[in-house]
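With the hints as your guide, set chain B onto chain A.
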Amino acid sequence: MELSVDRQFGVTIVTVAGSVDSADSGALLSFFDELIEAGQTRLVADLSRMDFIVSMGLGVFVQIYIRLRKTGGFLRLAGPQPLILQIIKITGLDRLLPLYDSVAQALE
Amino acid sequence: MSKAKIFQSLTIASELTATRQVEQHLFTQLRAQNYPDDCLFAIRLALEEALSNAIKHGNHLDPAKMVTVRFSINPDEIQLTIIDQGQGFDPLVVPDPTTKEHLEDPNGRGIMLMRAYMDEVSYNLKGNEVRMVKRIRPSRSKQAG
Numbered sequence: 001m002e003l004s005v006d007r008q009f010g011v012t013i014v015t016v017a018g019s020v021d022s023a024d025s026g027a028l029l030s031f032f033d034e035l036i037e038a039g040q041t042r043l044v045a046d047l048s049r050m051d052f053i054v055s056m057g058l059g060v061f062v063q064i065y066i067r068l069r070k071t072g073g074f075l076r077l078a079g080p081q082p083l084i085l086q087i088i089k090i091t092g093l094d095r096l097l098p099l100y101d102s103v104a105q106a107l108e
Numbered sequence: 001m002s003k004a005k006i007f008q009s010l011t012i013a014s015e016l017t018a019t020r021q022v023e024q025h026l027f028t029q030l031r032a033q034n035y036p037d038d039c040l041f042a043i044r045l046a047l048e049e050a051l052s053n054a055i056k057h058g059n060h061l062d063p064a065k066m067v068t069v070r071f072s073i074n075p076d077e078i079q080l081t082i083i084d085q086g087q088g089f090d091p092l093v094v095p096d097p098t099t100k101e102h103l104e105d106p107n108g109r110g111i112m113l114m115r116a117y118m119d120e121v122s123y124n125l126k127g128n129e130v131r132m133v134k135r136i137r138p139s140r141s142k143q144a145g
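Chains A and B, in that order, give the protein sequences. Numbering follows my numbering, in which position 106 of the first sequence is assigned residue number 106; successive positions increment by one, without gaps. Numbering follows my numbering, in which position 114 of the second sequence is assigned residue number 114; successive positions increment by one, without gaps.
Here chain A stands alone, though its shape is the one from the complex (with noise of 0.2 Å):
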């Protein structure tokens, strides 16, 4: 797993890439809460270059997504590949986290 923050229009750009197994899962999460902590509320994770993710990364997604709606604040899904976006849409989280298809559509 590789993790790079970028900054566009006040939104703060988490890029996931690779492979996002069980291990990778807590600290990932520590990645997001460092984030949140630091007030930056306004999320967009771009998983384009993602290749795998087991559920408890997708958990992840999950707290962070809930705690930033109870803020006022968001965490967008933008690019998931065919094979990431089968397993989201598995488990239903389709229905609960925002997807877009870009980055560029997360901004808008």
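Calculated directly from the structure, the hints in this document are not laboratory data. Certain hints may be false.
With a straight-line cut-off of 30 Å between C-alpha atoms, the simulated BS3-like cross-links for lysine-lysine are [what the hints assert, rightly or not]:
(1) 70(A) / 89(A)
(2) 70(A) / 100(B)
(3) 100(B) / 65(B)
(4) 70(A) / 65(B)
(5) 89(A) / 65(B)
(6) 65(B) / 126(B)
(7) 5(B) / 70(A)
Ranges of calculated distance between the beta carbons of each label pair, as one might list FRET restraints [said to hold, decoys possible]:
(8) 39(A) / 29(B): 45 to 53 Å
(9) 27(A) / 79(B): 26 to 34 Å
(10) 122(B) / 38(A): 45 to 53 Å
For each residue, glycine too, the CB sits at the ideal point set by N, CA and C.
Here is chain B on its own, set in the frame of chain A:
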């Protein structure tokens, strides 16, 4: 490596990073058997989910407890058995994570993914041992892999 039937067993510590040892060992052999990429993805996902359940929910990350993985590989099928040293559980009482009541739960999606991506998933009576089967039928494989 020849395309012969392979039986092996591995034992790992109750640490989430230990799942990578199993995957590295197993996938070297699956690639040698020319398993297609969609099947490798499905097997990796189901294996990760089963191992993390065993380590986290079965053994509660107890360093004194181990997880055993047994696998049988044929050119057309893989069988995986994951055994933890916990108290077990009843998979029938695990709620459907796609329902409105549970959609916002942070956990509870692993068994659903295992069932979606493998052809068979079954537990022993105690609930501390899960057996999974994936059949390799490239032209007729399930939608999920």
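How the hints compare with the structure:
1. A hinted pair counts as satisfied when its Cα atoms are at most 30 Å apart, and residue 70(A) with residue 89(A) qualifies at roughly 24 Å.
2. Among the hinted pairs, residue 70(A) with residue 100(B) is consistent with the structure: their alpha-carbon atoms are about 18 Å apart, no more than 30 Å.
3. Proximity of residue 100(B) to residue 65(B) is assessed by CA-CA distance (about 36 Å); at most 30 Å being required, the pair is judged violated.
4. At most 30 Å may separate the alpha-carbon atoms for a hinted pair to count; residue 70(A) and residue 65(B) exceed this at roughly 39 Å.
5. Restraint check: the Cα-Cα separation between residue 89(A) and residue 65(B) comes to about 35 Å, which exceeds 30 Å; the hinted pair is violated.
6. The hinted pair formed by residue 65(B) and residue 126(B) meets the criterion: a straight-line CA distance of about 17 Å does not exceed 30 Å.
7. The suggested pairing of residue 5(B) with residue 70(A) is violated, with an alpha-carbon distance near 54 Å, which exceeds 30 Å.
8. Residue 39(A) and residue 29(B) have their C-beta atoms about 49 Å apart, which keeps the hinted 45 to 53 Å range intact.
9. Remark: the range hint 26 to 34 Å for residue 27(A) to residue 79(B) is upheld by a beta-carbon distance near 32 Å.
10. The hinted window of 45 to 53 Å between residue 122(B) and residue 38(A) holds, with their beta carbons roughly 46 Å apart.
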